[in-house]
Every structure is written in C-alpha cells, then in structure tokens.
Amino acid sequence: SQQGEEDPQALSIQEGENATMNCSYKTSINNLQWYRQNSGRGLVHLILIRSNEREKHSGRLRVTLDTSKKSSSLLITASRAADTASYFCATEGYNNNDMRFGAGTRLTVKP
Amino acid sequence: DVKVTQSSRYLVKRTGEKVFLECVQDMDHENMFWYRQDPGLGLRLIYFSYDVKMKEKGDIPEGYSVSREKKERFSLILESASTNQTSMYLCASSLRDYNSPLHFGNGTRLTVT
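Going down the list, the sequences are from chains A and B.
Position 68 of the first sequence, counted from 1, bears residue number 68 in the numbering used here, the numbering being contiguous throughout.
Position 75 of the second sequence, counted from 1, bears residue number 75 in the numbering used here, the numbering being contiguous throughout.
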C-alpha cells in the first residue's frame, strides 16, 4: 500500500515564488526522502531526512519532518521554470530497505 | 555517477505474450527494485531484491515474477501480459545501507494491446 501521500496533487505558481509541498505517512520510518521526476523520465533523488532530524537544507530546498504528526514538507524557494516537475516523497522503513512512494505533486512554475 | 539502464524505452506487446524487462546497474548496489507508475497512483512497488537470487514481494506482485542471477541485473517478467499491465515501469538500485537513496533508470513504457 502507499505509504506517503502528497498534498496538493497539483500546484501552479509564478517564477520567483516559493513552492511548498506536503507529505503524510502512516507508519514508523527510518527516513523520508524527496524525489523529482521530469516528464517521462526516471526519478532523481533530491534530499533525505532521517527520523531523528527535524529540518534539512540543500541549496534552494528546505525539508522539515515532524514524526509526531507523521508529516514532512518540501519548500522550494525562489522557484524557476526549470523546477517544473513532479515531486514525490518516499519513506524507508526498517525492513530490508523497502521504499514506499506517494502519488506525487505536480508543480508548474510559470515564467 | 550511478547508472541504471533499462533495456527498452518503449515496448508494445500483445495480450498473453511473455514479456521481459531488463535492468542493469553499474555501481555494485546490493538492492534493486521494480516499480510501476500509473497516473494518480504514484509508484507502486512490485518486487525488490537485496542480494543475488533473493527477492521479496512488494505491494502488487500478482502477474509478475523477477530474476536476479547476477548482482548487476534485475529482470521483471510478465508471464502472460494483460492490458491492465500497460504502465510505466521503473527500475531502481541502492546500497544495502539504510539512508541510501534510490537511483532510477529512465523507465520503460509498456503498452499491452
């Protein structure tokens, strides 16, 4: 079954604005990861946050994790048209490294 | 850079055919995964393997089998293709360590007619 669920399903913003995507999950996790997928391609890993971390930054990306609420958010600051893609959260449990993904958020950044 | 290569980008098969999807990785990763991706459903795990000849069922293994005879290669087999198996299939690999990201291939878009 799906572990992560992203919200919103789709997001459309202007270039320069910030984009926030949320992810909720159901069971205990070892870590939560965010991936990006350009249309028709494979997924690319963006950032990983461990269950004992609360916030992590990488360039224009900021990820938060609240294990008490079983939720995470991905913030992309100063968005660019090239950020247009689908974004997925994925959770890694404690059993054989199996990873579960959500349905994704489709982000459109208008120039 | 890790490279995960899926043998076909697009594939069209007929109902009832046996279909092989091949995936090769070049970074000596222990773990390999097969997902299918459908609109609105995201990625669903079909099978994964954490070692040669080892396999574990994911969430939707019905109608599929896998083979891992060599560490670098993980094959997904559709024993008798059906139209509801029309989908994008994504292969991924990772180190066995926890907190290792997945590296994906570019996917195979399979159409079963």
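These are calculated hints, taken from the structure and not from any lab test.
On a predicted model such as this, the values are computed, not experimentally measured, just so you know.
There may be inaccurate statements among the hints.
[What the hints assert, rightly or not] Simulated restraints, written as ranges between beta carbons of each label pair: (1) B:Y98 with A:P111: 22 to 30 Å; (2) A:A10 with B:R109: 15 to 23 Å; (3) A:A10 with B:N84: 24 to 32 Å; (4) B:S67 with A:S68: 36 to 44 Å; (5) B:V12 with A:T27: 17 to 25 Å; (6) A:S68 with B:R14: 47 to 55 Å; (7) B:E62 with A:E17: 40 to 48 Å; (8) B:D28 with A:R41: 21 to 29 Å.
[Claimed, not checked] Going by beta-carbon spacing under 7 Å, a handful of chain A positions derived as facing chain B: (9) K26; (10) N30; (11) G42; (12) H45; (13) L75; (14) D98; (15) F101; (16) G102; (17) A103; (18) G104; (19) T108.
[Unchecked claim] Take a look, some chain A residues computed to stay more than 10 Å from chain B by CB distance: (20) P8; (21) L11; (22) E17; (23) A19; (24) N31; (25) Q33; (26) R41; (27) T67; (28) S68; (29) K70; (30) A82; (31) D83; (32) A85; (33) A90; (34) V109.
Even for Gly, the Cβ is constructed at its ideal location relative to N, Cα and C.
Tested hints:
1. B:Y98 with A:P111: 22 to 30 Å: Distance hint for Y98 (chain B), P111 (chain A) is violated at roughly 40 Å.
2. A:A10 with B:R109: 15 to 23 Å: Taking Cβ atoms as reference, A10 (chain A) and R109 (chain B) lie about 22 Å apart, which means the hint holds.
3. A:A10 with B:N84: 24 to 32 Å: This hint holds: roughly 25 Å between Cβ atoms.
4. B:S67 with A:S68: 36 to 44 Å: 42 Å, holds
5. B:V12 with A:T27: 17 to 25 Å: 38 Å, violated
6. A:S68 with B:R14: 47 to 55 Å: Since the Cβ atoms of S68 (chain A) and R14 (chain B) sit about 51 Å apart, the hinted range of 47 to 55 Å holds.
7. B:E62 with A:E17: 40 to 48 Å: Since the Cβ atoms of E62 (chain B) and E17 (chain A) sit about 43 Å apart, the hinted range of 40 to 48 Å holds.
8. B:D28 with A:R41: 21 to 29 Å: 24 Å, holds
9. K26: 13 Å, violated
10. N30: Holds: closest Cβ of chain B sits about 5 Å from N30 (chain A), inside 7 Å.
11. G42: 3 Å, holds
12. H45: H45 (chain A) check passes; min Cβ-Cβ to chain B is 4 Å, inside 7 Å.
13. L75: 20 Å, violated
14. D98: This hint holds: D98 (chain A) lies near chain B, its Cβ roughly 6 Å from the closest one there, short of 7 Å.
15. F101: 4 Å, holds
16. G102: Since the shortest Cβ distance to chain B is 5 Å, the answer is holds.
17. A103: This hint holds: A103 (chain A) lies near chain B, its Cβ roughly 4 Å from the closest one there, short of 7 Å.
18. G104: Interface hint status for G104 (chain A): holds (5 Å vs cutoff 7 Å).
19. T108: 16 Å, violated
20. P8: Answer for P8 (chain A): holds, closest chain B Cβ roughly 13 Å.
21. L11: The assertion about L11 (chain A) holds, with a minimum of 16 Å to chain B.
22. E17: 25 Å, holds
23. A19: 19 Å, holds
24. N31: Violated, since 5 Å does not exceed 10 Å.
25. Q33: Violated, because the least Cβ-Cβ distance between Q33 (chain A) and chain B comes to about 6 Å, which does not exceed 10 Å.
26. R41: 5 Å, violated
27. T67: The assertion about T67 (chain A) holds, with a minimum of 15 Å to chain B.
28. S68: The claim stands: S68 (chain A) keeps its Cβ more than 10 Å from every Cβ of chain B (closest is about 21 Å).
29. K70: 17 Å, holds
30. A82: 18 Å, holds
31. D83: With a cut-off of 10 Å, D83 (chain A) remains clear of chain B, as the shortest Cβ separation is near 19 Å.
32. A85: 13 Å, holds
33. A90: 7 Å, violated
34. V109: Since the minimum Cβ distance to chain B is about 21 Å, V109 (chain A) lies beyond 10 Å and the statement holds.
Hint violations for this structure: numbers 1, 5, 9, 13, 19, 24, 25, 26, 33, all remaining hints satisfied.
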